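Asks: Read off the chains here:
Number of protein chains: 4
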Amino acid sequence: MTMFDVTPRAKKLREQLGKFMEAHIYPNEDKVAAEINTGDRWHHLDLIENLKDKARAEGLWNFFLPPGSDPEGQYGPGLTNLEYTGLCEMMGRVWWAPEVFNCSAPDTGNMEVLARYGTPEQQEQWLKPLLSGEIRSGFSMTEPDVASSDATNIQSSVVRDGDEYVINGRKWWTSGAGDDRCKISIFMGKTDPNAERHLQQSMILIPMDAPGVTKERMLTVFGYDDAPHGHAQMTFGDVRMPASNMLLGEGRGFEIAQGRLGPGRIHHCMRLVGQAERALELMIKRSAQRTAFGKPLALHQHTREMVAQSRMEIDQARLLTMRAAHMMDTVGNKAAKSEIAAIKVVAPNVALRVIDRAIQLYGGEGVCQDTPLALMYAQARTLRLADGPDIVHAETVAKEEYRRQGFDTRQLAGRSQAPVTT
Amino acid sequence: MTMFDVTPRAKKLREQLGKFMEAHIYPNEDKVAAEINTGDRWHHLDLIENLKDKARAEGLWNFFLPPGSDPEGQYGPGLTNLEYTGLCEMMGRVWWAPEVFNCSAPDTGNMEVLARYGTPEQQEQWLKPLLSGEIRSGFSMTEPDVASSDATNIQSSVVRDGDEYVINGRKWWTSGAGDDRCKISIFMGKTDPNAERHLQQSMILIPMDAPGVTKERMLTVFGYDDAPHGHAQMTFGDVRMPASNMLLGEGRGFEIAQGRLGPGRIHHCMRLVGQAERALELMIKRSAQRTAFGKPLALHQHTREMVAQSRMEIDQARLLTMRAAHMMDTVGNKAAKSEIAAIKVVAPNVALRVIDRAIQLYGGEGVCQDTPLALMYAQARTLRLADGPDIVHAETVAKEEYRRQGFDTRQLAGRSQAPVTT
Amino acid sequence: MTMFDVTPRAKKLREQLGKFMEAHIYPNEDKVAAEINTGDRWHHLDLIENLKDKARAEGLWNFFLPPGSDPEGQYGPGLTNLEYTGLCEMMGRVWWAPEVFNCSAPDTGNMEVLARYGTPEQQEQWLKPLLSGEIRSGFSMTEPDVASSDATNIQSSVVRDGDEYVINGRKWWTSGAGDDRCKISIFMGKTDPNAERHLQQSMILIPMDAPGVTKERMLTVFGYDDAPHGHAQMTFGDVRMPASNMLLGEGRGFEIAQGRLGPGRIHHCMRLVGQAERALELMIKRSAQRTAFGKPLALHQHTREMVAQSRMEIDQARLLTMRAAHMMDTVGNKAAKSEIAAIKVVAPNVALRVIDRAIQLYGGEGVCQDTPLALMYAQARTLRLADGPDIVHAETVAKEEYRRQGFDTRQLAGRSQAPVTT
Amino acid sequence: MTMFDVTPRAKKLREQLGKFMEAHIYPNEDKVAAEINTGDRWHHLDLIENLKDKARAEGLWNFFLPPGSDPEGQYGPGLTNLEYTGLCEMMGRVWWAPEVFNCSAPDTGNMEVLARYGTPEQQEQWLKPLLSGEIRSGFSMTEPDVASSDATNIQSSVVRDGDEYVINGRKWWTSGAGDDRCKISIFMGKTDPNAERHLQQSMILIPMDAPGVTKERMLTVFGYDDAPHGHAQMTFGDVRMPASNMLLGEGRGFEIAQGRLGPGRIHHCMRLVGQAERALELMIKRSAQRTAFGKPLALHQHTREMVAQSRMEIDQARLLTMRAAHMMDTVGNKAAKSEIAAIKVVAPNVALRVIDRAIQLYGGEGVCQDTPLALMYAQARTLRLADGPDIVHAETVAKEEYRRQGFDTRQLAGRSQAPVTT
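Residue numbers (the numbering used here), protein chains in the order written: chain A, 6 to 427; chain B, 6 to 427; chain C, 6 to 427; chain D, 6 to 427.
Just chain A, with the same shape it has in the complex:
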């Protein structure tokens, strides 16, 4: 029994998913890369659409929604976060694999928001096609001109005007906006600049084709454009939305962000553990096969140290992630705040160290397009700052430690726990 055999159904799904990965994902990695580099970079790939059909048919679909967000079990298998861990990790091994199973960010977070806070109309219009994998979505929170790690800095405005809201602002890192199927974005902005600090922001649904919505440009991540997914910088100029597009109610943006970001973060961590595991696998294969100075790299002690260190770090990161998932399942996302913050620091850093070692072992091949390592590194690096930089999460962990020992945390630097961008 492995760590992941948390329940029989999780075990069974993991086996099934593993077979799917072997049969349909790994063998198509080169093909996907080639397709992206052919023609319009921002068009979704037929190859992936076909795989989605296969996955949906096999019931490998929408694993991500925990029972709490889908009490009637109408949207997916209703796995606990702990059960999801092993599946999410496995999908994370290939960057485009989560999409095949309709488990990719930011759609998962957006679907969770719509499932938990959406009106029946909002669910009908947007949640349904997202759950079926028909459309994709964006999340527009971070702004170029302010430190969005402190979400109170967000400046965009959402102003009520009769039955409508008028939205103005500049956003960037709207991930997924490059995809031609991206139809809707959840937008965060201020409805009331004079309200209490955590009640100023609201979230509202904005279709990507609404008048006034402009994609200024696509951002690169260490040279990668991550097409066709992509990361857009966008302007919203006098965009008018019906009041019914508001999520949950005015001033509740923070509340939604808090609920949304916990699961989003732990999913990232699960995938990062999968990436690290894959990098370790590559490291072992390479070092057993490549020879320098008269013997395979595996027989150089330095290599074995890197392998051992990686195994120790990955296992710790995984256990910490599983523990956080288990706490979310048993005591709730809010009570697991410190544990989620901890993995948000640990997992990307572990993944980066492991991937970096693999790159070093591969030499020139490790930094170029011939292995998935360089792209994995770029993506993992981003996760040390996206969804809150390490230091902000470390503050959350520290605050909780002082609280547990009975020290008044309001004293602690007067810091608010601030939600940050996807």
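Do not take every clue at face value.
Since the list gives no way to pick out one identical chain from another, each pair is judged satisfied if it fits inside one copy or across any two copies.
Calculated pairs, SDA-like style, for lysine to any residue (alpha carbon to alpha carbon, straight line, at most 25 Å) [stated by the list, open to error]: (1) Lys16 / Met332; (2) Lys16 / His331; (3) Lys290 / Arg409; (4) Lys339 / Val11; (5) Lys188 / Glu27; (6) Lys300 / Gly242; (7) Lys300 / Gln160.
Keep in mind the hints are simulated off the structure, nothing from the lab.
Keep in mind the model is a prediction, meaning the values are calculated, not measured.
Add chains B, C and D to chain A, keeping to what the hints say.
Replies: This is chains B, C and D only, laid out in the frame that chain A set:
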């Protein structure tokens, strides 16, 4: 139930033990230090003997023996390794506490050896008084003249002569030999230098007062003599022992060492997690109370970073230790070899980092006799090299990784997995 | 007096160069990026050509050749390596700046090879136009199929056939080969597979337009193609070269590589120090201007720790580099082997840490195209493996330490000091 | 001549000192340890007194005073700080060696204070016998009840009463006070609690045998008491001193501390580099001679990595120290503030890492009394917090970086640059 949950009986014992620590251990820390510095440093302390009576009476005794080593449950409560984790960690918070509950090294390992491999006569004579806490014991394996991290280097001789064995050799780091109640030592030496490499060594019981057994001197650890426990350098000159003192049989020293060292190592790791946890606790208290540059140290961000980093590292080390314990319980010590090796690297390093941060926060007070930190550091540092240095355990982990991916590990540097000293 | 005022002329050149950077380099950074993204990515930029004219006119040209490689001072100002340090560092602050002053790799190394080992005819044909900045060049050493960190692994063949050599092989990481002005490459291959291990390889000049020379594809570094410079994977199929294209003589490839790589490595290190210095500068500016949680990032202690740590690391890396340069000047490149190896490990690692901190401080802006940081990171990361991975240089340093203490280094793992790719 | 070259006289003294170390210091290491453990631990050693005579006779004496503190060259050879670097480093290789050459802390700092700020009477009475090595001295600054890293916290009072001052306070870490020849201490306390923050403190001379001066106890560092030098906790109860014992004038304590601590810190760093160098030397010797798993430790790559890493770190720390010394010589201690702060962070950390690696290689022998390593570790560890903890010096470095780029440093956390204890 997952590995993250503990059993009701473990939970209950932990609460009981916690109360005992609060009532009888922490309040006596200064007293114990003072008693050691009074009169003969190598005499056991009445204070501790009294606490032992109390603990025995409350049933807080001999937690350490897992069901596999005591199938009939005659020696203790028969806790699983996973159940023991939380108890051992708690006892580890004060360096002399494990003895109060008859759970201190090297007695625990020696008792386990006697329970598993001893003859009824050996058990009657030595196991019984050890289990009752009447006597204490030593383990004589490491030698000053060779790298004992590679146990095949051990040079002491154990030569059959009629119904006796004649033992010659120099040992050091016979921990516990300073205590006046230390009556017996398990000694490792070569019975057959010509046998296959892992069949040359044997283990034999030698009473400390046997003719030819001499304590040369006591070793210090970063200036500490660890009295009255202590670490002896010893000579064994033509010591004659009846053949019945042999453990398990000639040539089976490695086999015993392997069986003994796994539990010994994980117990060290559990205690190290406890030490780290205590250091973190001290760090938080100190930083909330001491002021520099106009505000409590806790309000300096650097302090909170140290707190957060420590929490994240401790939790990972604990989970890794629990995982190894769980594997020992479910697949056996041998199959958990890599997992035990991993924690043997991780736990001391984590403890050292956390304790070091606490020392830094305490300043001069952190390195002197006014906190337990400096001694904790010295002891934890030793555990990066005792029972095998980090690099040897890292090799074990790496070897297993290659094996799991199908690479012939005999190629891997021709290294043997070698048992090392207590 | 600063560290760099090693001589008055070095000081004066540094001031002059600094002014040029302020006037012509920094202000054109965005323009260069824009020009590259316009039209043919592999065409050289007029903007840079114009700046080259300006620099040449000001005498800011060919700083790189030390007196030893140009005894008559016909090729440049004849600066010592130590004098060059401050200039090279400054040019390194902008990735395309060294080219403006005709000091960019791999041209500098190739020019040094031609200056030291070239025949008058070879110098006339290739050195002259390189020195004038008219053409550019490549260095074809590393091969995709073998661990080129051990140069004895190199498999390409250079076979004598009458008055010609016939060259076959696959090379990659021929940096600079993307540029349309790249006219010549120095190629390394085996002339005699049966010779003593370090006498098997030779270097020969191959024009890029020679029949049989094919650029298969351009490699990316992380996601960057580094156009128009670029890194080519090339095939050489039955390429025929006149015997007069051989450099120095058959079997002397290693000797040339050794002479070439020392200066090449230290120049990389100087530039890396410049990059790190620039990243620190950006970190300070950003943190003084951007606000989070109610105060500028500079007032968060974590930021100041990063700044201080960066300053301490940069200064150490710079001093170590200057020391190595001084040793090259005074005791020669060969005797400075260990010191050069040391900086080749230290400088890229320091640069990476500093740049990484800057990225973290910039958040999303740090990983995208809006600052030079992400590209700097990608380039610096490559230098932990190009020209020999860290571990190979560490071996060189260790070997020398044992030698200095009188231990026979032939014992040391039987490792050869192996030259590696540019 | 660059900072990488040493002057002929420094070179010559270094050779002479090296010979003395070989002839008289290293061969007496065991003897000194044995003498300390015999009889009264707090009595100075005849062995060392005899060596002092020898050293004085050879002119190896009082190297530490730079020309600026002894303009007429009456007290010693008047070496620059840069010239002193190589000598101080060499003496630092054995913990008691600096005393042999009258270059040990805290005497050096105290002599410098008396030379620079003492009245002729104070110099006659205390400086002269200190310079001749007849008596020793203490420095009483740090207090047990406050964070002395912030010197404004110091609470002792020095109250004028007619022609006398009345001194009250508790001090600890008065290093050197254990020695029976310790006759005088420089004491810091508040003369005016209402003065501007940096003008409240004064320094006054207090003979150790003055009525009211009590040694409460000796502190340990890890388990070492550092006899006969030692670290005292002391009470000063209504100690009355003539007004003429005041140093420089009331309210000038900070000013003196600033002047005193720069040289004190850099001397510590020089010695730490010497300790690290010695640890590396031991590491190399041990690893060439001790065998594990079938080959010398030196042939395990992990060992060579530790050796290389140590060499690279030591050389960087040494160069940084030399640079700081050179700046003190050329621009003055005040302008070199950031550079001194930098080495105060770097040198102890480098020494600790190198010594720690050596300990790991020695195994059990590394932590006990059989090598100098464990004691070296304990002493070096203390220097990460004595004379200011790392983070305080990092703040100094950061502050200067911001200043250099034109940012108003008064904004920076409102931190004062605070002198701290010896």
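Asks: Work down the list of hints and note, for each, if the structure agrees.
Replies: Hints versus structure:
Both within a single protomer and between protomers do Lys16 and Met332 lie at most 25 Å apart by alpha-carbon distance, with minima of 20 Å and 18 Å respectively. Taking the shortest alpha-carbon separations for Lys16 and His331, both the intra-copy value of 16 Å and the inter-copy value of 18 Å come in at or below 25 Å. In this assembly of identical chains, Lys290 and Arg409 lie within 25 Å of each other by CA distance solely across copies; the values are 11 Å between and 45 Å within a copy. Taking CA atoms no more than 25 Å apart as the test, Lys339 paired with Val11 passes in both settings, with 23 Å inside one copy and 22 Å between copies.
Neither within a single protomer nor between protomers do Lys188 and Glu27 lie at most 25 Å apart by alpha-carbon distance, with minima of 32 Å and 46 Å respectively. With identical chains, the CA atoms of Lys300 and Gly242 are never at most 25 Å apart, being 63 Å at best within one copy and 30 Å at best between copies. In this homomeric assembly, Lys300 and Gln160 come within 25 Å of each other (Cα to Cα) only across copies, at 17 Å, whereas the closest approach inside a single copy is 59 Å.
Checked against the numbered hints given earlier, the structure breaks hints 5 and 6 and satisfies all the rest.
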